[in-house]
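From first to last, the protein sequence lines stand for chains A and B. For the first sequence, position 153 (counting from the first letter as 1) is numbered 153 according to this note's numbering, and the numbering increases by one without interruption. For the second sequence, position 35 (counting from the first letter as 1) is numbered 1035 according to this note's numbering, and the numbering increases by one without interruption.
These are calculated hints, taken from the structure and not from any lab test. Computed from a predicted structure; not experimentally measured. Treat the hints with care, as some may be off.
As the list claims (entries may be wrong) - From the derived model, a few chain B residues whose C-beta atoms are all more than 10 Å from chain A: (1) E1005; (2) R1011; (3) V1020; (4) T1027; (5) A1031; (6) K1061; (7) T1086; (8) L1121.
Claimed, not checked - Calculated lysine-lysine pairs in the DSSO-like style (CA-CA distance at most 30 Å, straight line): (9) A/K231 - A/K265; (10) A/K75 - B/K1052; (11) A/K3 - A/K307; (12) B/K1052 - A/K227; (13) A/K227 - A/K265.
Glycine included, C-beta positions come from ideal geometry on N, C-alpha and C.
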Amino acid sequence: MRKVAVVGAGMTLFRRRLQETGKELSFEAARMALDQARMEIGDVDAVIHGTAPDAFDGVHMKGEYLLDGSGGRRKPYMRVFTGGGTGVFSAIAGYWHVASGLADVALVVNEEKMSSCQPHPQSVFAYIWDPILDRPLRPNLVWIFAMEMNRYMTVHGIPYEDIARVAVKNKRNAVGHPCAQLPDANITLEDVMNSEMMAWPVRRLDISPPSDGAAAVVLASEDVVRKRRLKDQAAWIKGVGWCIDSTMWTDRDLVFPEYVNRAAKMAYAQAKIDRPRKQIDFAEPYDPFDYKELHHLEGLGLAEKGKAGLMTREGITERDGALPVCPSGGLLGVGNPIAATLGIKIGELYWQLTGQAGKRQIPHEVHTGVTQAWGDLMQYGCVVVMGT
Amino acid sequence: MPFTERTRDPRAYRHWPGHVEADYLYTSGVAADHFFRELRDHGRLLGARCTKCGRQWVPPKLFCEECFVEVHDWVDLPREGRVAATCVVRVDPHGTPLGTPEVWGFIRFQGFEGGFVHRLLISPTRARAGLTVRAVLKPDGARSGAITDIEGFAPAGP
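Construct the complete structure from the given sequences, taking the supplied hints into account.
See the structure below:
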C-alpha cells in the first residue's frame, strides 16, 4: 500500500445553520480544504462523502443530493455511512482510494444538517430500533447511554465526578476553536453535576449538542506531496482499523468497548504500535457523552480498564498533560453534527501534527496522534493513527 | 404492481403496522433564496454566472459545479426556453388512471446549464421536444416565492 497524507482541512462554524443548505455547507468546507492544499477540483481524482442518517436532513439518498456541493460531479464518488462513526470512517474510505493507487488525490467531505428535522433531531432516532422488540416500548437513545454509563460506573466503581470532569475539560479546551458551539472557559465541575438530569445518571452537560456543519480533508499520495511541495503541511496516515459488534445492544459488553479495541489493534498493527501509551502522544477519541471518552480511551489501550477517569482527575488528559485528550474541545465543546465531526477528529490530528492548531496547539512537541469515532447502532468503532 | 407474492395476508403471522413520523423545515439556501425572492417580488427568473468559466447555472447555485468556486453574479434568463424532453403521465404512483393526463417537460435555456422540470400547459398531442416555451407565472401578489409560482410552461408566440 502507498503512503497517504492529509494535506489540507476545512471546517464550517458549528451552529444551527438555518440559512445554508447542506450542499452549501459542504461546499464551504470542501473549498477551505482545497485552498489549504493549494488545489482545485480538477486536481481531485475521487470524492468521498460522509453523512449520517438521511432522516436528519430529510432528503432520502442524501449522499446523491449533496454530491454537487462536495465536488463529486463527474468523478468517482461514493457516500459512506457508519452512523456517528462516519466522522472518522469517511477518511478511512478516502485512505483506501489513495493507498490502493486508484487515486492520487481524494477529497473527503462530511456534512450534517440536523436542524432540518423538527422539532428536534432526536425524534427520528425513534426509528433506529428493532421495530418489534424495542419500538413499541418507545426507547430513547439517552436511556441506553445512561444504562451503559451506569454499568461502566458500577463495575469499576467510578465516581460520577470523574466522568463529569471530561465535560469540563473539553468545554474549556473548545475555547480556542473558531468553530465551537459550546466553549466555556469558566465551566466548573459543579455546573456539570448540577445540570438538568436527563436520564440518571446522565445530566444535560454530559451530552454533546446537536449541530449543523461540514468538514473536509484532502488526502494525497507521497508522490503528490513531493511534486507539489506539500511536505511541510502533510500529516501521514499510519494505520486504520474498524470493527462492528452485534446488532443487539443486549449482546454487547457494556463495560468495555470491544469493537473499539479490535479496531485499535488493527490500526496499531499497521502503524507498528505495540505500546500505545508510550508511542502515542495525544488522542482525539469520540466524546458525544463524557463517559464515552473514558470508555474509548480504555478501548484504545491508552488507559487501563476502569482507570481513564482517574487519569482525567489527575490532569494527565489536559492539553498540557502527559497524554492530551480532545485538545480540540471535542464534541462536548465544539459540537456534534454527526459526520461533520471529521473536523474535530481527523482535522484536529492534522492541525496539531502540522503545528496549525493555533490557541489549541499542544504546548509540547507531538509526533503521533490517534483518533477514533463510534457509531452505527452504538456498536461500531473506527480508528486512525496519524503521525509527522 | 407484482411482487410475485409468496404470501400476502399478514394475519397468518404476528405483525405490527409501521409508521415513520418525521417533520422538517427546509430552506432554499443562500443562492436560491435570492432566486425565489426575485421570482416572488418581480416575476423575474434568474440564473447565476461563474466569473471564472462563464458558465451560467439555472436554478442559480452558490458554487460552479465545474470550477468549484463561489458564484455571485446574477443574470436574467431568456424569455423563451426550449423543451428538451417530454412525457405524458396517465397513471398516478398507485397505478390509478388519471382523468386528465399530465404533460411534463424538461425545459432548457440557451447559454445556461441546467433548466427546469415542470408542467407543460399543452395537450398531450402537442407534447414534443423542440417546442419553444415561455414560463407562465402566477399573477403579482399571488406568488409566494416557490417553484409553484411558475404554473408551467406554455408555447411561446401565437
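When you check the alpha-carbon spacing of A/K75 and B/K1052, does it fall within 30 Å?
The hint holds at about 20 Å.
Would you mind confirming whether the straight-line C-alpha gap from A/K3 to A/K307 stays at or under 30 Å?
This hinted pair is violated, its Cα atoms lying about 35 Å apart.
May I ask you to check that B/T1086 keeps its beta-carbon over 10 Å from the closest beta-carbon of chain A? 24 Å, holds
* Non-interface claim for B/K1061: all C-beta distances to chain A beyond 10 Å? -> Non-interface label fails for B/K1061: nearest chain A Cβ at 7 Å, not farther than 10 Å.
At 10 Å, judged by beta carbons, does B/E1005 keep clear of chain A as stated?
21 Å, holds
Query raised in the report: Taking 10 Å as the cut and beta carbons as the points, is B/V1020 off the interface with chain A?
Result: 5 Å, violated
10 Å Cβ clearance of B/A1031 from chain A:
8 Å, violated
Hint check: B/K1052 vs A/K227, CA-CA at most 30 Å. Holds or violated? Holds: B/K1052 and A/K227 sit about 26 Å apart, inside 30 Å.
**Q.** chain A versus B/T1027 - minimum CB to CB distance exceeding 10 Å, so not interface
**A.** 6 Å, violated
Discussion item. Check whether the Cα positions of A/K227 and A/K265 lie no farther apart than 30 Å.
Written reply: Given pair A/K227, A/K265 is violated - Cα atoms ~33 Å apart, limit 30 Å.
Checklist entry - Beyond 10 Å from every Cβ of chain A: is that where the Cβ of B/R1011 lies? => result 16 Å, holds
Interface exclusion of B/L1121 relative to chain A, criterion Cβ beyond 10 Å:
29 Å, holds
Figure legend: structure checked against the earlier numbered hints; hints not met, in rising order: 3, 4, 5, 6, 11 and 13.
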